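Asker: Each chain is listed here by its residues.
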Amino acid sequence: MVSKSTSDKPIGVVGAGSFGTAVSNILAEKNKKVLLYARTPQRAQEINDSRKSAGQQLHERIEITNDLEKIGRQCDVIFPIVPSANFRSMMKELSPYLRPYHILIHGTKGFDLNVNLRKIDPTNPLSREHVRTMSEVIKEESSVVRIGCLAGPNLAREISEKKPAATVIASHFDEVIKVGQNLLKTDRFLIYGSNDLIGIELCGILKNIIAVGAGTINGLELGENAKALFISRGLVEMVHIGTALGGNAQAFLGLAGVGDLVATSSSSLSRNFTVGNRLAKGESIDEIIESMEEVAEGVKTIDIINELSRTYDVRCPITETLHRIIKKEMSVGDAHRYLMKFPLRAEIDFL
Amino acid sequence: MARKQKKYPEIIPRTQQWPIVQLARDRKQFVEEVSKESFDNLQKITRGRSLREELEMTVYREKLRIKANPWRVDPKDDKLFWKSIQERLADSSGLPPEEAKAIEEGLLSEIIHRYAEEISGNFKKNSYRFARSFITFGFARLLNATRVKGLTSLFSRQLDLDDKIHIVGETEHIRELAKRGTVVMVPTHFSNLDSILIGWVIQFLGLPAFIYGAGLNLFNLKIFAYFMNSLGAYKVDRRKKNAVYLETLKTYSSQALRRGCHSLFFPGGTRARDGRIEKALKLGLLGTTVEAQRIMYQQESADTPARKIFIVPVVINYHFTLEAPSLINDYLKRTGQERYYKESDEFTTSYKIATFLFKFFTKGSNISVSIGRGMDILGNYVDKEGHSIDSNGQMIHTRDYFISQGQITVDPQREQEYVRILAKRIVEEFHKYNRVFASHLAAYTAFKMMERKNPKLDLYNLLRLPDEDLVLDYTEFKKAWKKLRKRVFKLEKKGKVSVGGHMRWKADEAIKLGLENVGMYHAKRPLIKKDDKVIIQNMNTLYYYHNRMEGYGLEKHI
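In the order they appear, the protein sequences are chains P and V. For the first sequence, our numbering puts the final residue at 351, and the numbers step up evenly by one. For the second sequence, our numbering puts the final residue at 1558, and the numbers step up evenly by one.
Hints are computed from structural coordinates only; laboratory data are not their basis. Keep in mind that this is a model prediction, so the values were computed, not measured. Among these hints, one or two may not hold up.
Said to hold, decoys possible - Computed from the model, here is a short list of chain P residues facing chain V with C-beta under 8 Å:
| no. | residue |
| --- | --- |
| 1 | S95 |
| 2 | P96 |
| 3 | R99 |
| 4 | V145 |
| 5 | F173 |
| 6 | D174 |
| 7 | E175 |
Unchecked claim - 25 Å max Cα-Cα, derived DSS-like pairs, lysine-lysine:
| no. | chain 1 | residue 1 | chain 2 | residue 2 |
| --- | --- | --- | --- | --- |
| 8 | V | K1483 | P | K119 |
| 9 | V | K1493 | P | K119 |
| 10 | V | K1494 | P | K92 |
| 11 | P | K92 | V | K1496 |
| 12 | V | K1424 | P | K139 |
| 13 | P | K139 | V | K1493 |
| 14 | P | K92 | V | K1424 |
| 15 | P | K139 | V | K1432 |
| 16 | P | K178 | V | K1044 |
| 17 | V | K1494 | P | K119 |
| 18 | P | K139 | V | K1494 |
| 19 | V | K1486 | P | K119 |
| 20 | V | K1556 | P | K119 |
| 21 | V | K1282 | P | K139 |
| 22 | V | K1496 | P | K139 |
| 23 | P | K281 | P | K300 |
| 24 | P | K119 | V | K1496 |
| 25 | P | K119 | V | K1490 |
We treat Cβ as the ideally placed atom computed from N, Cα and C, and that holds for glycine.
Given only the sequences and the hints, what does the whole structure look like? Please build it.
Answerer: Here you go:
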């Protein structure tokens, strides 16, 4: 079995965004070599010259590459961490170099949408078939079956500053969890394991919605009580829609659920929180997206969950309201007045 | 439909070389090997129990079985044997640990050996020949008789099975695979007739005999026992659920696979009681394919490459299932709960079997057997040469699934997950090769229309609707049926289901055929047409037949 603490083969990381870079740095601490893939040759060159990526200093054992074939051929374990919108196309490019012995542990917290939202209407409602988690995309696009995901309160900036943190690796395979633990675990980075792959993926995805909402509360300066109210109601909403989409309620109460939710809903280091904050200050969604360097997954997730909640008949007042804000059908202030009037249901009925 | 089925020559004409014949020849040694390996495996997996506890549990359960559910086929000394085990186990409890352990191990080995002997088939080459020709002959003659020719044609020399049983799908492929590796056939299971039918299909396709696990209850009858034994069956006793038995059974299957015996599993375990295409497959025996494949890769060398195991799904399509009424009643009685119950079986007397066969052969109704494309043990399709192909069409090595950091490793949890993946793939393939007949769709349409009419009722109340409510307007029925047929054709285009040829007939004619055929042997046919009405005569069997079309998302279109 896997007992060695380090790997002789290089570890691959696909995606040199802030989280990909942070993960590469942790991996480099324990392992001989990390291959970090950047999407364009220019970007790879820049990173290589400056030894800086997404504002973080690169560990000396990280090698930058723009060659997916190299990653596939040299690495047994690969961490794909690219925005959900590019994930499938990246997998299509990587897939020819993947074999069943590969282990893939992704760190992307968004959905893949394999249909045009414009084609969705009441006669052809958006369903789970159209919406895939990243582990499902990996399975569809390659022969890899040993798949896992990373989720938890992992604000990239704090990790790069070497502050303590923990994460969850979820996989149907104990082997994948063990391998991930061996590669990533350090004195200040704890790794929990879970077998509820879909549940844990959904935690990471759905919490982004609530983070956007918490950002709006911050922007309106409604105070900590309101934010706490919002977050705890948000959690209930996450559980309801999450279980409808195939997760277990338990996952949402752990580190990847509550843990991540608390971190992203109260920090200006979170992109999704920032989006909400700026919405409340009166900027339009297009302006915000335009000016951001990296993708805030929450915006796309709000669209998708708004549709799915109709299909599966799960009331998601928070998602619905945020959707209306984004579509400019409602002001942020009206939205919160509306939510305050929304009757509380018998909340915790999933335990 | 005058369609000539081709005749297939045997792929290994010399039966001497059939793996199953070789297995039968050194049966004794094989039983020894199975016993030894099961013993070793059981030592490894303790599941938090001591060996003594495991033995006590086994004795307890076996004694309970003997008392609560004895069968004619059980050996005469069953009671004595378990009593003796129990006594020796009790006597040894006061001994010093090492001595006690030696005795415990001795007892374990004795039990395993007894199980292995019991499971082990009694294949005889010569009676296989006889049974085979008997069945071929019998089938052909009886089928002739069913056609216009009448009973006298029983004695006609003209053999043609052409229009009764259609074998469709990847027939050349399975023959090719059987030459290159070990084939594991996994058919759907609706009727007791399936084993005989598949036996016939195997020999018709010119494949060497397969081994398969048959319920021990079928051996209760001497005549069945004779055919089962000669067709290569080994015995599976569903009453025995103790760990020692299950391990021995799995080892038996795994070793036979490693020796290259083509095998047949009914992955649903037992006949689908609710008429649905199996969704929850039994993972135990299926898991032996994954394990056997891994062990073969571990043992391979440069000059003896590992044989590959190919999984071939097979879907058997009937218009009817003889046992439907009792199966569905059974199902409804115990929905949701798996209680310990006595097997109630239609196949308990020779008379009942005879009437069944007579009905089957004398009433015209098509059967089609669809042979699916071969897959490796992870459910990847294989090409003509048996190479695994991934979803992008690139060739992959099955061996790689067992590799961690460059080496084959043994990881039971991983393999358990692989079995789950394989099971899911088999279910997908079942749906894909399931051939929709007009009768299935008629049953589905009628049942769903009743559901729509009574939205407030749950299943049980729906089934209890009074007769006067069980009437549908034919024009409406036809409209709904046609709409669903359109969806079915769409699904067919996407490769998600297959469709019987008669489904393309004019709607009225196809519906007529469907109504005539749905559950045609039952005392009360579930559906009949009377003037401009469609009348439901039996909701339970209608529910049963309707279930066959569940799982395609058709309910949205009614």
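Asker: Provide an ascending list of the numbers of those earlier hints which the structure does not satisfy.
Answerer: none
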